[in-house]
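There are 2 protein chains.
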Amino acid sequence: MRPKTDLGALLSHQPLFRNLDADQLALMTAACHQVNIEKHQFVFHRGDPANGLYVVAVGSIKLAVPAANGQEKVIEFFGPGDAFGEAFMFLDKPYMVEAQALDDSLLIWIDKRDLDAAIDRDPSLAKRMLAGLSVRLHTLVKDIETVNLQNAMQRVVMYLLSQPREDGEMHFPFNKGIIASKLGLTPETLSRLLHQLTDAGLISVDGKRVLIPDVAALEHRMYAETARIS
Amino acid sequence: MRPKTDLGALLSHQPLFRNLDADQLALMTAACHQVNIEKHQFVFHRGDPANGLYVVAVGSIKLAVPAANGQEKVIEFFGPGDAFGEAFMFLDKPYMVEAQALDDSLLIWIDKRDLDAAIDRDPSLAKRMLAGLSVRLHTLVKDIETVNLQNAMQRVVMYLLSQPREDGEMHFPFNKGIIASKLGLTPETLSRLLHQLTDAGLISVDGKRVLIPDVAALEHRMYAETARIS
DNA sequence: CGGTACGGTTGACCGCGGTCAAGCAAATCA
DNA sequence: TGATTTGCTTGACCGCGGTCAACCGTACCG
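Keeping their order, the protein sequence lines are chains A and B. Every number in this note's numbering is 77 more than the matching position in the first sequence, counting from 1. Every number in this note's numbering is 77 more than the matching position in the second sequence, counting from 1.
Rather than coming from a laboratory, the hints here were simulated on the basis of the structure. All of these numbers come straight from a predicted model, not from anything done at the bench. One thing to keep in mind: the hints can contain errors.
[As the list claims (entries may be wrong)] As a list, the in silico SDA-like pairs of lysine to any residue whose alpha-carbon atoms are at most 20 Å apart: (1) A:Lys219 x B:Thr223; (2) A:Lys150 x B:Ile221; (3) A:Lys150 x B:Leu226; (4) B:Lys204 x A:Ala144; (5) A:Lys219 x B:Lys189; (6) A:Lys219 x B:Lys204; (7) B:Lys219 x A:Ala144; (8) B:Lys219 x A:Lys204; (9) A:Lys219 x B:Asn225; (10) A:Lys219 x B:Gln177; (11) B:Lys150 x A:Leu226; (12) B:Lys259 x A:Pro171; (13) B:Lys219 x A:Val224; (14) A:Lys259 x B:His90; (15) A:Lys204 x B:Glu149; (16) B:Lys259 x A:Leu267; (17) A:Lys219 x B:Ile221; (18) A:Lys204 x B:Ala257; (19) A:Lys150 x B:Asn146; (20) B:Lys204 x A:Pro171; (21) A:Lys259 x B:Thr223; (22) A:Lys170 x B:Ala208; (23) A:Lys219 x B:Pro126; (24) A:Lys219 x B:Asn146; (25) B:Lys204 x A:Asp188; (26) B:Lys150 x A:Leu260; (27) A:Lys189 x B:Leu168; (28) A:Lys170 x B:Gln177; (29) A:Lys219 x B:Met173; (30) A:Lys219 x B:Leu238; (31) B:Lys219 x A:Pro241; (32) B:Lys219 x A:Leu262; (33) A:Lys204 x B:Lys189; (34) A:Lys219 x B:Lys219; (35) B:Lys189 x A:Ser201; (36) A:Lys204 x B:Arg190; (37) A:Lys150 x B:His215; (38) B:Lys219 x A:Asp188.
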């Protein structure tokens, strides 16, 4: 457990709590708890009660819905500054998803009641949370659109293009199996499609590193797929 | 356009604005606009600016994301008391979905700025909106889970069981094509699956009316499907 | 009335993507 | 260092669900 003194600085850098005045920051600091989570450990499981929300300080967290057969569908990834778990907290329902650390992570946990009080004192906090939830809704709708309206190849290409890249090179942030789940595919299919793109000379894969020599060509490939469907 | 006097009564019955005091209600009433939408008309299209939110007073609205080929994927249905469009309003982004009336409907429209002011005066309104967005997030996650982790038959059975029924009889609220889209299916497949359930003696279909003589048997059928997958 | 547009059903076909299994390379550990 | 596990790839196979087409009943309309 790190010393409590870190908390104020940590909080003030989170999008959710930016621009709080000193008083409010002190209040929130008192209400927050640091949670250290090792890689592969679960933050919470499906069915756990949701009494508060988490903010990622460092590390990365995977939100997924588990299936009966041990499979799982990754809903979203969270990195530093992201908040998660709010929706279930507001609903007063147990989590229907599970959260797992993809790296050693440091989280901030805030009790629902303390957050309620903070909102009463500062409506702008509520607005920021509304904005945050809206973003999440937006990405979920986009995901649904992606899964329903695009085929596997389109989804893969779109993912490759959506990731940050420098010098025409992008990195898979996690294992390919996890990426596959996020894309609604099996690892086998993802592997095959990447191989297909490699054969077409559009990318070259080396472990987690992917070289994209001609971004425009890759984009063109995706639109060609789209046209084929229409 | 109906007389303005209706607005106060309408608003005070919406979940979002319940428990407002007279002053606040008067303020909101002044900020609200009634919008009449005929069946098949669009409330907004993809790309329209989102300057406010809608609340359904009477009627029903379909939220869908349009595809290139004229297809569409239904995201959600909204009935009386439901609010929609908030997420895009808070994001200050144009709509990425379209809203269409499934019946002649009466909507209430509230300007973003007026709502902002109302939140500042009454944090409980913000909390109610947070709860509303949370519900939406919840159902979206559930949808993603359904589409990714369950096959077509399971989705159909689950839909049949999720709809309100009396005397072992349920009604399709809309055209089967629209239901099919919401379930991520083609109308053909939905038709076939319903026929299959009929052959199995689990349901009997007559137009929009579906008789479910033995609910438990139908539930059992769904779990059997689940087991087969695992 | 016949014409037609629409929603729904049915049949024939097929391709996408999942499943199962084997094999391989790198990481992890005794 | 060898043993074991984990991540990834590849091949063979196949079934679910989509596509395309024809057809049917009903509602709507001139």
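Taking the hints in turn, this is what the structure says about them:
1. A:Lys219 x B:Thr223: Distance of about 16 Å is within 20 Å: holds.
2. A:Lys150 x B:Ile221: holds, 9 Å
3. A:Lys150 x B:Leu226: With Cα atoms ~8 Å apart, Lys150 of chain A and Leu226 of chain B stay inside 20 Å; holds.
4. B:Lys204 x A:Ala144: violated, 32 Å
5. A:Lys219 x B:Lys189: violated, 23 Å
6. A:Lys219 x B:Lys204: Violated. Lys219 of chain A to Lys204 of chain B sits at ~25 Å, over the 20 Å cutoff.
7. B:Lys219 x A:Ala144: holds, 12 Å
8. B:Lys219 x A:Lys204: violated, 25 Å
9. A:Lys219 x B:Asn225: Satisfied, since the Cα-Cα distance of roughly 15 Å is no more than 20 Å.
10. A:Lys219 x B:Gln177: holds, 19 Å
11. B:Lys150 x A:Leu226: Answer holds: Lys150 of chain B to Leu226 of chain A is near 8 Å, not above 20 Å.
12. B:Lys259 x A:Pro171: Violated: Lys259 of chain B and Pro171 of chain A sit about 26 Å apart, past 20 Å.
13. B:Lys219 x A:Val224: OK: Lys219 of chain B and Val224 of chain A at ~14 Å, within 20 Å.
14. A:Lys259 x B:His90: violated, 40 Å
15. A:Lys204 x B:Glu149: violated, 32 Å
16. B:Lys259 x A:Leu267: violated, 27 Å
17. A:Lys219 x B:Ile221: Satisfied, since the Cα-Cα distance of roughly 11 Å is no more than 20 Å.
18. A:Lys204 x B:Ala257: This hinted pair is violated, its Cα atoms lying about 36 Å apart.
19. A:Lys150 x B:Asn146: The given pair, whose Cα atoms are some 28 Å apart, is violated under the 20 Å limit.
20. B:Lys204 x A:Pro171: Given pair Lys204 of chain B, Pro171 of chain A holds - Cα atoms ~19 Å apart, limit 20 Å.
21. A:Lys259 x B:Thr223: Holds. Lys259 of chain A to Thr223 of chain B sits at ~15 Å (cutoff 20 Å).
22. A:Lys170 x B:Ala208: Measuring from Cα to Cα gives roughly 11 Å; hence the hint holds.
23. A:Lys219 x B:Pro126: Answer holds: Lys219 of chain A to Pro126 of chain B is near 18 Å, not above 20 Å.
24. A:Lys219 x B:Asn146: holds, 17 Å
25. B:Lys204 x A:Asp188: Holds, at about 15 Å.
26. B:Lys150 x A:Leu260: holds, 18 Å
27. A:Lys189 x B:Leu168: violated, 24 Å
28. A:Lys170 x B:Gln177: It is violated: about 31 Å lies between the C-alpha atoms, which goes past 20 Å.
29. A:Lys219 x B:Met173: Holds, at roughly 9 Å.
30. A:Lys219 x B:Leu238: At roughly 27 Å apart (the allowed maximum being 20 Å), Leu238 of chain B and Lys219 of chain A break the hint.
31. B:Lys219 x A:Pro241: violated, 29 Å
32. B:Lys219 x A:Leu262: Within the cut-off at roughly 18 Å; holds.
33. A:Lys204 x B:Lys189: At roughly 12 Å apart (the allowed maximum being 20 Å), Lys189 of chain B and Lys204 of chain A satisfy the hint.
34. A:Lys219 x B:Lys219: OK: Lys219 of chain A and Lys219 of chain B at ~15 Å, within 20 Å.
35. B:Lys189 x A:Ser201: holds, 15 Å
36. A:Lys204 x B:Arg190: holds, 12 Å
37. A:Lys150 x B:His215: Cα-Cα ~15 Å, so holds.
38. B:Lys219 x A:Asp188: violated, 25 Å
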